[in-house]
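Trainee: Below, each chain spelled out in residue letters.
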Amino acid sequence: MSFLSDVVTWFNDPAHWRGHTGIPNRLLEHVQYSLAAIIAAIVLAVPVAVWLGHKRRFGTVAVNVSNIGRAIPSFAILVLGTQQFGLLELPLIGSFTTFVALVALAVPPLVTNAYVAVAEVPDEVRDSARGMGMNEAEVLLKAELPMAVPLLMAGVRTASVQVVATATIAAFVGAGGLGRYIIDGRAIFDNTQIFAGATLVALLSLATEIALGGAQRVLTPRGMRAEVVSARAAAVAATTTIHQGKALV
Amino acid sequence: MALLLMASACGSDSKKASTASSGGSTSSSGSSSSAAGGATFTFTPLDVGGPTTKAALDKGDIDVALLFSSDGAIAKNGWVALEDDKKLQPVDNFVPAVLKAKATADVTAVLDAVNAKLDKASMQKLVAAVAIDGQNPEDVAKGFLTDNSLPGSKTATGSFTVGSANFAESEIAAQLYGQALKQAGATVTFKLDFGAREAYIPALESGQLDLVPEFVGTLDTFLGGTSSNDLDKTLSEAKTLAEAKGFTLTKPAVADSVNTFVVTKKTADKYTLAKISDLAKVSDPLKFGGPPECPTRPLCVGGLKTTYNLKFNV
Chain B
1 MSFLSDVVTW
11 FNDPAHWRGH
21 TGIPNRLLEH
31 VQYSLAAIIA
41 AIVLAVPVAV
51 WLGHKRRFGT
61 VAVNVSNIGR
71 AIPSFAILVL
81 GTQQFGLLEL
91 PLIGSFTTFV
101 ALVALAVPPL
111 VTNAYVAVAE
121 VPDEVRDSAR
131 GMGMNEAEVL
141 LKAELPMAVP
151 LLMAGVRTAS
161 VQVVATATIA
171 AFVGAGGLGR
181 YIIDGRAIFD
191 NTQIFAGATL
201 VALLSLATEI
211 ALGGAQRVLT
221 PRGMRAEVVS
231 ARAAAVAATT
241 TIHQGKALV
Chain W
1 MALLLMASAC
11 GSDSKKASTA
21 SSGGSTSSSG
31 SSSSAAGGAT
41 FTFTPLDVGG
51 PTTKAALDKG
61 DIDVALLFSS
71 DGAIAKNGWV
81 ALEDDKKLQP
91 VDNFVPAVLK
101 AKATADVTAV
111 LDAVNAKLDK
121 ASMQKLVAAV
131 AIDGQNPEDV
141 AKGFLTDNSL
151 PGSKTATGSF
161 TVGSANFAES
171 EIAAQLYGQA
181 LKQAGATVTF
191 KLDFGAREAY
201 IPALESGQLD
211 LVPEFVGTLD
221 TFLGGTSSND
231 LDKTLSEAKT
241 LAEAKGFTLT
251 KPAVADSVNT
261 FVVTKKTADK
271 YTLAKISDLA
281 KVSDPLKFGG
291 PPECPTRPLC
301 VGGLKTTYNL
311 KFNV
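Residue numbers (our numbering), protein chains in the order written: chain B, 1 to 249; chain W, 1 to 314.
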């Protein structure tokens with residue numbers, strides 16, 4: 001009980017709401033690192049995965065190669081990156097090694113979902129589109145992509161939530177973000193501060209999930225919205241299919 | 001995750017953590033006049049004398065790093081450890097803790113001979129060989145004794161079980177003292193990697209161990225004393241407390257393991273830095289890096305502000 005009231009007191013302390021170390025600035029830094037990484041990962045992964053999905057080729061290769069990002073712990077990337085690049089800070093993206101670690105984390109779910117989303121569009125839909133006289137680009141953009149939105153966005157959601165939760169590690173290499181409360185709290189054995197920091201990260205992850213869920217609903221073509229709910233289940237099923245080597249090539 | 005890291009950090013940094021926390025006892029003697037150089041330095045929270053801090057110093061992302069004076073990276077990279085000319089840090093020299101009954105004049109003479117040769121730079125080199133080059137503490141210690149022709153013609157008798165804590169400095173010191181005694185004629189067995197002070201001091205008291213390398217200040221604090229920046233005072237206090245528990249301390253080495261502010265050779269040359277008070281003349285906003293708790297600690301940036309009148313943004 002007294003611990004929780006300590007946490008409430010911590011949040012009520014005006015000193016924790018202003019200046020460089022205040023919650024607004026730390027939140028901004030955290031959002032900056034996360035947003036930079038997720039945008040870079042989308043630019044890097046989605047076009048390639050969507051094109052491969054359209055071609056229905058090299059899906060297993062793409063998924064497995066991008067899964068390397070999931071196999072290497074973010075922490076290892078961070079430590080090795082720091083040895084190589086020091087505390088390199090770049091405009092817009094902030095801490096460079098944090099950026100690399102987060103991009104590596106975000107790419108696998110994006111590739112898997114984007115590939116499966118497009119590859120699993122039913123043949124009848126493609127054939128109808130072609131039958132209507134659409135060229136390949138039109139088939140992709142006007143028929144496949146709209147139908148791929150729920151699954152593709154589920155990938156964006158998964159990746160984003162993971163990135164937001166993991167961006168705390170930036171604080172390990174002297175950068176900012178909400179992880180500072182956890183790392184600095186640990187250094188002075190201040191469990192209240194650690195808990196407050198963890199709470200903030202959890203809230204931001206939750207907010208990310210909800211916001212992207214809303215975006216997903218808006219982007220999904222009206223006729224498909226009933227399927228939105230089952231998108232995640234579909235993603236799991238589709239991933240399983242891929243690993244079984246079916247519906248490919 | 002934080003808890004796991006805390007647990008793993010406790011092992012290797014137990015000595016260091018207690019060094020940092022003993023800071024409350026150091027009195028600061030800062031006057032109110034402001035520094036002549038007047039630059040406001042910045043601080044970047046990194047790790048406890050760890051790889052991130054060193055990489056950042058190496059890459060020039062920070063100008064001044066807080067490391068331990070026994071850190072091998074200092075010797076390895078030719079960095080300059082700034083002299084603590086206003087004695088901010090409490091002393092923490094290497095010293096053997098020996099079971100009282102075994103600390104005969106012969107044994108003490110052998111240990112004193114080793115410590116007489118053990119200065120800061122040679123300890124840094126030994127630590128570098130173990131912690132950076134991955135050599136065996138046993139071989140590294142043997143090399144040091146051979147190079148300095150130790151223990152010479154001294155002889156000692158008795159049988160010793162030598163313990164150590166679980167970090168490189170302690171293991172090296174244990175090997176130095178143990179091997180010197182062995183070559184002087186004593187029977188020596190090693191029980192290294194004994195863990196934290198909470199484990200090996202009771203083992204020493206109970207006679208399970210006969211000799212453990214210690215650090216004057218940290219041991220003094222552990223035994224309930226108030227370590228200070230005065231070596232003689234701290235040693236005699238620690239010795240009294242130790243002897244009440246059945247073990248004693250011999251003469252400490254010059255080598256120590258205390259918080260040290262380190263700059264690269266390039267930075268030292270650029271601003272002609274040799275001691276911490278030289279930083280007051282610097283008019284560029286130098287970047288400091290160290291453990292995240294540094295700004296609030298009297299032995300770190302907190303002490304630089306009060307004792308050395310340096311200005312920081314934290």
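Don't read these hints as lab results, they were simulated from the structure. C-beta atoms are modelled at their ideal positions from N, C-alpha and C, and glycine is treated no differently. There's no promise every hint is true.
As the list claims (entries may be wrong) - Derived CB-CB ranges, DEER-like:
#1 B:Thr9 / W:Ser159: 33 to 41 angstroms
#2 W:Lys125 / B:Arg57: 55 to 63 angstroms
#3 W:Asp58 / B:Thr60: 25 to 33 angstroms
#4 B:Pro14 / W:Lys125: 36 to 44 angstroms
#5 W:Pro202 / B:Ala76: 23 to 31 angstroms
#6 W:Lys59 / B:Val43: 44 to 52 angstroms
#7 B:Ala211 / W:Ala121: 33 to 41 angstroms
#8 W:Asp230 / B:Phe75: 39 to 47 angstroms
#9 W:Val254 / B:Val43: 54 to 62 angstroms
#10 W:Thr296 / B:Ala76: 25 to 33 angstroms
#11 B:Gln84 / W:Lys125: 22 to 30 angstroms
#12 W:Thr189 / B:Glu89: 51 to 59 angstroms
#13 B:Thr60 / W:Ala121: 35 to 43 angstroms
As the list claims (entries may be wrong) - Listed next, the stretches of chain B that the computed footprint assigns to chain W, with coverage defined by at least 3 CB atoms under 8 angstroms from CB atoms of chain W:
#14 22 to 35
#15 78 to 91
Trainee: Each hint: holds or not?
Mentor: The hints, checked one at a time:
1. Hint check: Thr9 (chain B) to Ser159 (chain W), Cβ distance near 58 angstroms, so the stated range 33 to 41 angstroms is violated.
2. Between Lys125 (chain W) and Arg57 (chain B) the C-beta distance comes to about 59 angstroms, which sits within the given range of 55 to 63 angstroms.
3. Judged by the Cβ atoms, the range 25 to 33 angstroms given for Asp58 (chain W) and Thr60 (chain B) is violated: they are separated by roughly 42 angstroms.
4. The beta-carbon spacing between Pro14 (chain B) and Lys125 (chain W), approximately 51 angstroms, falls outside the hinted interval of 36 to 44 angstroms.
5. For Pro202 (chain W) and Ala76 (chain B), the Cβ-Cβ distance of about 38 angstroms falls outside the hinted range of 23 to 31 angstroms, so the restraint is violated.
6. The supplied range of 44 to 52 angstroms is broken by Lys59 (chain W) and Val43 (chain B), whose beta-carbon atoms lie about 28 angstroms from each other.
7. The hint said 33 to 41 angstroms for the Cβ distance between Ala211 (chain B) and Ala121 (chain W), and at roughly 57 angstroms that hint is violated.
8. At about 42 angstroms, the beta-carbon gap between Asp230 (chain W) and Phe75 (chain B) stays in the expected band of 39 to 47 angstroms.
9. For Val254 (chain W) and Val43 (chain B), the hinted distance range of 54 to 62 angstroms is satisfied, since their beta carbons lie about 58 angstroms from each other.
10. Evaluation of the 25 to 33 angstroms hint for Thr296 (chain W) and Ala76 (chain B) yields a pass: the beta carbon distance comes to about 30 angstroms.
11. Distance hint check: the CB atoms of Gln84 (chain B) and Lys125 (chain W) are about 26 angstroms apart, consistent with the given range 22 to 30 angstroms.
12. Between Thr189 (chain W) and Glu89 (chain B) the C-beta distance comes to about 52 angstroms, which sits within the given range of 51 to 59 angstroms.
13. For the pair Thr60 (chain B) and Ala121 (chain W), the supplied restraint of 35 to 43 angstroms is violated, since their beta-carbon distance comes to about 57 angstroms.
14. Restraint check on the region 22 to 35 of chain B versus chain W: 0 residues with Cβ-Cβ distances below 8 angstroms, three needed, restraint violated.
15. Closer than 8 angstroms: that is the beta-carbon criterion, and the region 78 to 91 of chain B has 7 residues meeting it against chain W, so the requirement of 3 holds.
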